[in-house]
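Protein chains: 2
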Amino acid sequence: MMSSPGAGVRVALLGCGTVGSQVARILIEQADDLRARVGRPLALVGVATRTERERPGVDPALLTTDAAALVARDDIDLIIELMGGIHPTLGLLTDALASGKSVVTANKALLAQHGAQLFEAAESAGVDIYYEAAVAGAIPIIRPLRESLVGDEVTAVKGIVNGTTNYILDQMHTTGADYADALAEAQALGYAEADPTADVEGEDAAAKAAILASLAFHTRVSLADVDREGISGVTSDDIATAEQLGCVVKLLADCSVSADGSIAVGVHPTLVPATHPLAGIRGAFNAVFVESRNAGQLMFMGPGAGGSPTASAVLGDVVTAARNRVRGVAGPGESAYTAPGITDPGKVASRHHLGMVVRDEPGVLSRVAAALARRQVSIQAVRQVQAPEQDAHARLGITTHIAPDADVRAVVAELEGSDDVRGTIRVLRVEGE
Amino acid sequence: MMSSPGAGVRVALLGCGTVGSQVARILIEQADDLRARVGRPLALVGVATRTERERPGVDPALLTTDAAALVARDDIDLIIELMGGIHPTLGLLTDALASGKSVVTANKALLAQHGAQLFEAAESAGVDIYYEAAVAGAIPIIRPLRESLVGDEVTAVKGIVNGTTNYILDQMHTTGADYADALAEAQALGYAEADPTADVEGEDAAAKAAILASLAFHTRVSLADVDREGISGVTSDDIATAEQLGCVVKLLADCSVSADGSIAVGVHPTLVPATHPLAGIRGAFNAVFVESRNAGQLMFMGPGAGGSPTASAVLGDVVTAARNRVRGVAGPGESAYTAPGITDPGKVASRHHLGMVVRDEPGVLSRVAAALARRQVSIQAVRQVQAPEQDAHARLGITTHIAPDADVRAVVAELEGSDDVRGTIRVLRVEGE
Numbered sequence: 001m002m003s004s005p006g007a008g009v010r011v012a013l014l015g016c017g018t019v020g021s022q023v024a025r026i027l028i029e030q031a032d033d034l035r036a037r038v039g040r041p042l043a044l045v046g047v048a049t050r051t052e053r054e055r056p057g058v059d060p061a062l063l064t065t066d067a068a069a070l071v072a073r074d075d076i077d078l079i080i081e082l083m084g085g086i087h088p089t090l091g092l093l094t095d096a097l098a099s100g101k102s103v104v105t106a107n108k109a110l111l112a113q114h115g116a117q118l119f120e121a122a123e124s125a126g127v128d129i130y131y132e133a134a135v136a137g138a139i140p141i142i143r144p145l146r147e148s149l150v151g152d153e154v155t156a157v158k159g160i161v162n163g164t165t166n167y168i169l170d171q172m173h174t175t176g177a178d179y180a181d182a183l184a185e186a187q188a189l190g191y192a193e194a195d196p197t198a199d200v201e202g203e204d205a206a207a208k209a210a211i212l213a214s215l216a217f218h219t220r221v222s223l224a225d226v227d228r229e230g231i232s233g234v235t236s237d238d239i240a241t242a243e244q245l246g247c248v249v250k251l252l253a254d255c256s257v258s259a260d261g262s263i264a265v266g267v268h269p270t271l272v273p274a275t276h277p278l279a280g281i282r283g284a285f286n287a288v289f290v291e292s293r294n295a296g297q298l299m300f301m302g303p304g305a306g307g308s309p310t311a312s313a314v315l316g317d318v319v320t321a322a323r324n325r326v327r328g329v330a331g332p333g334e335s336a337y338t339a340p341g342i343t344d345p346g347k348v349a350s351r352h353h354l355g356m357v358v359r360d361e362p363g364v365l366s367r368v369a370a371a372l373a374r375r376q377v378s379i380q381a382v383r384q385v386q387a388p389e390q391d392a393h394a395r396l397g398i399t400t401h402i403a404p405d406a407d408v409r410a411v412v413a414e415l416e417g418s419d420d421v422r423g424t425i426r427v428l429r430v431e432g433e
Numbered sequence: 434m435m436s437s438p439g440a441g442v443r444v445a446l447l448g449c450g451t452v453g454s455q456v457a458r459i460l461i462e463q464a465d466d467l468r469a470r471v472g473r474p475l476a477l478v479g480v481a482t483r484t485e486r487e488r489p490g491v492d493p494a495l496l497t498t499d500a501a502a503l504v505a506r507d508d509i510d511l512i513i514e515l516m517g518g519i520h521p522t523l524g525l526l527t528d529a530l531a532s533g534k535s536v537v538t539a540n541k542a543l544l545a546q547h548g549a550q551l552f553e554a555a556e557s558a559g560v561d562i563y564y565e566a567a568v569a570g571a572i573p574i575i576r577p578l579r580e581s582l583v584g585d586e587v588t589a590v591k592g593i594v595n596g597t598t599n600y601i602l603d604q605m606h607t608t609g610a611d612y613a614d615a616l617a618e619a620q621a622l623g624y625a626e627a628d629p630t631a632d633v634e635g636e637d638a639a640a641k642a643a644i645l646a647s648l649a650f651h652t653r654v655s656l657a658d659v660d661r662e663g664i665s666g667v668t669s670d671d672i673a674t675a676e677q678l679g680c681v682v683k684l685l686a687d688c689s690v691s692a693d694g695s696i697a698v699g700v701h702p703t704l705v706p707a708t709h710p711l712a713g714i715r716g717a718f719n720a721v722f723v724e725s726r727n728a729g730q731l732m733f734m735g736p737g738a739g740g741s742p743t744a745s746a747v748l749g750d751v752v753t754a755a756r757n758r759v760r761g762v763a764g765p766g767e768s769a770y771t772a773p774g775i776t777d778p779g780k781v782a783s784r785h786h787l788g789m790v791v792r793d794e795p796g797v798l799s800r801v802a803a804a805l806a807r808r809q810v811s812i813q814a815v816r817q818v819q820a821p822e823q824d825a826h827a828r829l830g831i832t833t834h835i836a837p838d839a840d841v842r843a844v845v846a847e848l849e850g851s852d853d854v855r856g857t858i859r860v861l862r863v864e865g866e
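Residue numbers (the working numbering), protein chains in the order written: chain P, 1 to 433; chain G, 434 to 866.
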């Protein structure tokens, strides 16, 4: 475990794309500072890539397409994993940890699905696995949750953890663009990928939510536990509704402790009041808002993606893991000692906004209100406007008090089946109480 | 160094005031969680207080007024120092570290003046000294700077790190109160002490600036290195000027790398543009804004003071230090390997705003502009308004481009000695470029 005295800490890189190439650059450009901070040189001794193409700034002699052979080398102290994917990455990192190598990874999908296996392998071998870059890019959030708040009781973590969707929603608000146009612009600018599914359907945010909830609540939450809705269904009407209510639409990763002690973890487009600190997070920025029993409300913000910011987070972990190796120790591991269970998504309670078109005649509002009352869903505010394009119809917007999702959905189904409501009812969560 | 197998980690508390009593409460109320996170029980075995008065929730048998005897006990693993002050605290903590005890402290003044001595004592003994609570209360900023950003190159840290002064300035903006009234209100609400000197004269913020600069730039900056101006001279006119310029007045702790590589560390009332993330930090909240080469811009915000939030930061350090002891290791220490020197305060460059009353006649503006030009101070914007109360005079507001403080002051002295300017010129720094 301890690197031999006087020798450098020997590092191998798996993956040399947007982030990996920046990590390689910093290892070379800032080598003197890194050596001073670690106490030994950090030596990059191998780089595994998918193709044999050369990489600018990387010694061609270091390149290999055989990641497994690189991981199996016995002269390597630390593996930096930026290749992504589940297979063969999981096997490679498990082998690396088992053979006593420390691991730094930014692979949120892998951690959200197989974190337990990796954390246990690290614990058994007495080595580190660090992953600050897996959530919210350059923003330090993993270490604050794992160490700074470890003496407190975290009650909620709410985050804007996907820059692509935040950019798209921000554009819809500021330029009036519809979803398709805002997505196309994000793709043109490189903020969204050609296949944007993982971002816009909330998969990326859900993996990060699982990681945040695991740390915040000292348990193991996996991707499959996360209730997820993306932004592809967000319309210009939703944006207009938000603005009328003094809110903005954000894709919120929301992790909290339910009244029964179980853990609610979801990703949903949410109406966030303009007065909430998360409402001001613009463009491709990320932010994580933490509530705890003693510390109160904290917020962390910064660039959520990009090669250079993500590389900063990777290098912070590399230096910390390297310092530990020089001293022959491992840092504090996970602390997953609780098993509170996951809240049934239908029982997750929040405010909701129901937008519907109703017949404009006496008695309708009374019947809608009665349907809500029968399910104990209490009304916080009602707005009714004449729908200009639809004679004899009006638009009704109802904000509920906090109520379980299933109860609200049951009322919605009942109302949609009635003669009073035309078409479907748009349901959006509303942050706050 | 390693606590004996199976035994708990034995903790003593020096000081049981606002923060100490909350630390004692949490050690008792959250004992089960803390035990699970550390892997052993945390046992509070002694509490040193100034008087023999009993403390609610603390077993009277634990109380002592003899702090030195408590520190000298050989059955204690970890000292939590919340008594404050320089003497006898420095001696007590030096003795504690030398005898192999880990230390957690919130004592910013002590660290800013004698940090080097304490860090060296910890390093020699192979034990931890942690101090997350010393800067910005509950906000995790020490650990992110020391570990998360350790692979990056931090170029600036700007913080609102004193809640008392932020509350007073915020009140002056929102209610139009003058300084004396806003201070009196802060005192009535318990945000300011009866003797507010340490807060309003910037001493508290300066100690925090020294700590932040030391960590950010991997060097040793002490309180005496910090150029400091408090808020007691901030007038309603300054507030009005700020608002006319689209700014707010904030007491900013500003740590940055100068062009020659030296470190500029200062605390000054500063005009912060409303578009800057720090401008939105209201009331007694704190925030720290970090710029680094790779990560870009990050911001951390939260409650900057108060018993319970500060206790959260203390307990995070206690759990981390206790985990380290259970495993027989120490965490990463300071990394003060650079000695870039401190920028001469006169050479610190920033934008400035000069507010003055001038004779309202032809040629005056030309002469004022010429005086600035002779010192190479370039003008970014000029506003001139008739001063209604003063016949034949006008108010002139000049915002400069970035210029060294001494050059601006020299121009100010020259203008104040001329017939064109009536009275003194008010000089305020302006954040940004």
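It should be emphasised that the hints constitute simulated quantities derived from the structure, not laboratory data. Treat the hints with care, since some could be wrong.
[Unchecked claim] Partner residues are not named here, just some residues of chain P that face chain G (Cβ under 10 Å, in silico):
id : residue
1  : Ile-26
2  : Val-38
3  : Pro-41
4  : Ala-61
5  : Asp-152
6  : Pro-309
7  : Arg-323
8  : Val-329
9  : Gly-331
We put the beta carbon where it would ideally sit given N, CA and C, even for glycine.
Verification of the supplied hints:
{"no.": "1", "hint": "Ile-26", "result": "holds, 6 Å"}
{"no.": "2", "hint": "Val-38", "result": "holds, 9 Å"}
{"no.": "3", "hint": "Pro-41", "result": "violated, 14 Å"}
{"no.": "4", "hint": "Ala-61", "result": "violated, 24 Å"}
{"no.": "5", "hint": "Asp-152", "result": "holds, 4 Å"}
{"no.": "6", "hint": "Pro-309", "result": "holds, 5 Å"}
{"no.": "7", "hint": "Arg-323", "result": "holds, 5 Å"}
{"no.": "8", "hint": "Val-329", "result": "holds, 4 Å"}
{"no.": "9", "hint": "Gly-331", "result": "holds, 8 Å"}
The structure does not agree with the numbered hints 3 and 4 stated previously, though it agrees with the rest.
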